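Heads up: the sequence lines are chains B and F, in that order.
Taking the working numbering, the leading residue of the first sequence gets 1414, the next gets one more, and so forth.
Taking the working numbering, the leading residue of the second sequence gets 1489, the next gets one more, and so forth.
Keep in mind that the hints were calculated from the coordinates and are not lab data.
A quick note: this is a predicted structure, and the numbers were derived from the prediction, not measured.
Keep in mind that the hints are not guaranteed to be accurate.
So, partial list: chain B residues that the calculated Cβ filter (under 8 Å) puts toward chain F [said to hold, decoys possible]:
(1) LEU1458
(2) TYR1461
(3) ALA1463
(4) GLY1471
(5) PHE1503
(6) GLU1514
(7) PRO1519
(8) GLY1520
(9) LEU1523
Glycine included, C-beta positions come from ideal geometry on N, C-alpha and C.
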Amino acid sequence: NAGVTQTPKFQVLKTGQSMTLQCAQDMNHNSMYWYRQDPGMGLRLIYYSASEGTTDKGEVPNGYNVSRLNKREFSLRLESAAPSQTSVYFCASSELGGSLEQYFGPGTRLTVT
Amino acid sequence: EDQVTQSPEALRLQEGESSSLNCSYTVSGLRGLFWYRQDPGKGPEFLFTLYSAGEEKEKERLKATLTKKESFLHITAPKPEDSATYLCAVQANTGNQFYFGTGTSLTVIP
């Protein structure tokens, strides 16, 4: 039982490059989330998916897109990376409706130069 | 606007010196308040969920309490392995989003 897994763990991009961050969970959770964590800013929600087939914007969605591929997988795409997107990205999952606690992955540390 | 404020930003304790961390929140209607522990380079790890004022939960040296405006994480006789950043989050009953505070960085000195 791996919980929430994320790939890659580290990534360096040049400005304008694109990439997709992958997330998978094996807890049969319905809801999945993408956050970014920056020093002094705390965790900020980028996008979330309350259930398979739905996605919604969070607090900081600009510059990102998401895909809920199936119940297990939720990917985050940067179409044209910018230095402001340098951050640590966390994926999380929770039960339907998000009324219970979230479980987080180990994070992806992204640097955009 | 839903908001979470944690204090202090950083706390240094001697081993065995008990203290409390504070989480103040403003939310239209509280569905749940959550405490997490985060170690350097890792994802947050769930500790507690509190749902209503007056509720308390305990786990080893940690005890979380909740009022209508704030939550406290009490640490009794801390050990060096309790050193971490402690995060507080709230979820409103009007949606699925969680709002996080910026955390309290706790250092316990042997």
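Evaluated hints:
no.	hint	verdict
1	LEU1458	holds (6 Å)
2	TYR1461	holds (6 Å)
3	ALA1463	holds (5 Å)
4	GLY1471	holds (6 Å)
5	PHE1503	holds (5 Å)
6	GLU1514	holds (4 Å)
7	PRO1519	holds (5 Å)
8	GLY1520	holds (5 Å)
9	LEU1523	violated (14 Å)
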